[in-house]
Amino acid sequence: MPNTDFITQERDDKKVLQESWELNESGRGDSSKQATKIVTTPETPPLVDPEVLTFRERLLYNFRRFNTKLDSFGVELRGIHRVPAEERFHSPQIVFKLILLWFSACGGLSSMSGFFLGPLVFGLGFKDSMSAGISGAGLGCLVAAYAATMGPRSGLRQMVLSRFMFGWWPAKLIALLNVITLLGWSVVNSITGGQILAALSDNKVPIEVGIVIITVVSLFVAIFGIKYVQYFEDYAALPVNLSFLLLYICSSRYFNTSLPSVGEAENIRASWVSFFTLTFGVTSAWAGVTSDYYIDFPETTSRIETMAITFFCILIPTLFVGILGICIATGAVGIPSLNDAYNELGNGGLLNAAFSRWGGGGKFVLVLMYMSLVSNNIINTYSIALSTQVWGLFAMRVPRYALVILTAAIYFVLAMAGRNTLANILNNFLPLIGYWSMLYFVIIFQETIIFRRRKIPGTNDVYNWADWDNKLRLPTGIAALAAFLCGIVGVILGMCQVWYVGPIAKQFGEEGSDVGTWFGALFTLVTYPPFRYLELKYAPWSDKHLM
Numbered sequence: 050m051p052n053t054d055f056i057t058q059e060r061d062d063k064k065v066l067q068e069s070w071e072l073n074e075s076g077r078g079d080s081s082k083q084a085t086k087i088v089t090t091p092e093t094p095p096l097v098d099p100e101v102l103t104f105r106e107r108l109l110y111n112f113r114r115f116n117t118k119l120d121s122f123g124v125e126l127r128g129i130h131r132v133p134a135e136e137r138f139h140s141p142q143i144v145f146k147l148i149l150l151w152f153s154a155c156g157g158l159s160s161m162s163g164f165f166l167g168p169l170v171f172g173l174g175f176k177d178s179m180s181a182g183i184s185g186a187g188l189g190c191l192v193a194a195y196a197a198t199m200g201p202r203s204g205l206r207q208m209v210l211s212r213f214m215f216g217w218w219p220a221k222l223i224a225l226l227n228v229i230t231l232l233g234w235s236v237v238n239s240i241t242g243g244q245i246l247a248a249l250s251d252n253k254v255p256i257e258v259g260i261v262i263i264t265v266v267s268l269f270v271a272i273f274g275i276k277y278v279q280y281f282e283d284y285a286a287l288p289v290n291l292s293f294l295l296l297y298i299c300s301s302r303y304f305n306t307s308l309p310s311v312g313e314a315e316n317i318r319a320s321w322v323s324f325f326t327l328t329f330g331v332t333s334a335w336a337g338v339t340s341d342y343y344i345d346f347p348e349t350t351s352r353i354e355t356m357a358i359t360f361f362c363i364l365i366p367t368l369f370v371g372i373l374g375i376c377i378a379t380g381a382v383g384i385p386s387l388n389d390a391y392n393e394l395g396n397g398g399l400l401n402a403a404f405s406r407w408g409g410g411g412k413f414v415l416v417l418m419y420m421s422l423v424s425n426n427i428i429n430t431y432s433i434a435l436s437t438q439v440w441g442l443f444a445m446r447v448p449r450y451a452l453v454i455l456t457a458a459i460y461f462v463l464a465m466a467g468r469n470t471l472a473n474i475l476n477n478f479l480p481l482i483g484y485w486s487m488l489y490f491v492i493i494f495q496e497t498i499i500f501r502r503r504k505i506p507g508t509n510d511v512y513n514w515a516d517w518d519n520k521l522r523l524p525t526g527i528a529a530l531a532a533f534l535c536g537i538v539g540v541i542l543g544m545c546q547v548w549y550v551g552p553i554a555k556q557f558g559e560e561g562s563d564v565g566t567w568f569g570a571l572f573t574l575v576t577y578p579p580f581r582y583l584e585l586k587y588a589p590w591s592d593k594h595l596m
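Residue numbers (our numbering): 50 to 596.
Derived by calculation from the structure, the hints in this document are not laboratory data.
Treat the hints with caution; some may be incorrect.
As the list claims (entries may be wrong) - With a straight-line cut-off of 27 Å between C-alpha atoms, the simulated DSS-like cross-links for lysine-lysine are:
1. Lys504 - Lys586
2. Lys221 - Lys520
3. Lys520 - Lys586
4. Lys276 - Lys146
5. Lys586 - Lys221
6. Lys504 - Lys520
7. Lys412 - Lys253
8. Lys176 - Lys555
All figures in this text were calculated on a predicted structure; none of them were measured in a lab.
Take the sequences, apply the hints, and build the full model.
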């Protein structure tokens, strides 16, 4: 029985991934047919004499040897290449590890942060915050769960899958949006972690120190690859979720379940929709990465099983911490000590105040919560590097670990710059996630349901996943891009942010309501089918089997 650790690093990395690829300039990234490779392994001597190489060849040679050395330490070298069907396995152990990963990554302060805003920013009472938060998060989980079903079928990362709907070039835009989303979450995690350490030390430790610690730990784990990511998530899941259970117990005295919503009925409805949209973005953001963690599942894995695992394993931990966030926020509205702590040190100050009656024990539990930020950040850091490689052949030549280092450097700088404005970042950033992820979901759903109903000859699927790196056999992407842009028009008309309120959004309440996600989805839903039919009729060379 082969070793079935969650992601089987051992399966063939030494053979396949310690290769320096010299891709030709034809534009096709088919590594199996168009690359010249020189292979070295720790067990074999180099096939060339470094002394007779040119300067450029010597650089490539040294780089190859460096990668080989890293691999000997267990660093994952595989990028976005497809995992072959024969290398995938299914077992209860793999499923259990995946459940732990989701509970660790989703049941933390990252998810909780957005739920604070219902009572604190939108002025919603307990009942309105709960109904909007639970329903919004639930709908977002459906989006993420559906996206996950393509992972076992294809053996490909989520952003690589976008090529089968958006084509070679427009898929780069989707990958860019996903990178921005994950970077934004990493910034939120880093700043929240800084606030927690500052609150724990009574402001003696600056926020910057907490940002540094989260960045360094996330970088260290993510740079070694998915196997080490999984190890961390396995061990973090229990203490992280236990710490939030203890917070329920400690802070229950502050819950104000009778808190009413503030304002007239029309304004309350507008705020309800805005908060619903925001919490939708909290969970729907996972749609950009869910397939990344199912690529080792066999092609025969039930889609219902994949959807169920993803839906419940994102929803349960998210609501576990989200409901707690709403409850604590209702107390902060009317209790001066909690409100002052929030105004001074944001989410970290509020949590520290909620634990204050436990003294040193409360501070220890808050340190465990700090781990949840690291758990989420590790996932982000790992997936950003993979999304970046979708940008093209040049990005694929850059090793994953180098992209991880660059990723950590970017969100470290951004977190330092925005460390004093977390509430504004959350309020303005989270809805933006929901905008694009909903448009993305509408397109992949319609493409699969409407246009991919017949299996491709010679395959057992409606997609030929082997064409993932063959731009000549992928769709042109014109229809998907056009429908996506139409969706953006709907978003602009319906969005409601501090810096802009669309004309449709102004029709709801005195200050508007954020309906951009839903009008954007409607515009995309209506325009994609006719655009796709026109694309197939006038540019059918890449999709002849659909005609």
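For each hint, the structure was consulted:
1. Between the alpha carbons of Lys504 and Lys586 the distance comes to roughly 20 Å, so the proposed pair stays at or under 27 Å and holds.
2. Restraint check for Lys221 and Lys520: satisfied, since their Cα atoms lie roughly 12 Å apart, inside the 27 Å limit.
3. Of the supplied pair hints, the one linking Lys520 and Lys586 holds, its CA atoms being roughly 19 Å apart against a limit of 27 Å.
4. With a CA separation close to 11 Å, the supplied pair Lys276 and Lys146 stays within the 27 Å bound.
5. The straight-line distance between the Cα atoms of Lys586 and Lys221 is roughly 24 Å, inside the 27 Å bound, and the hint therefore holds.
6. As the CA atoms of Lys504 and Lys520 are separated by approximately 20 Å, the hinted pair is consistent with the 27 Å bound.
7. Between the alpha carbons of Lys412 and Lys253 the distance comes to roughly 15 Å, so the proposed pair stays at or under 27 Å and holds.
8. In summary, the hint linking Lys176 to Lys555 is supported, as the alpha carbons are separated by about 25 Å, within the 27 Å threshold.
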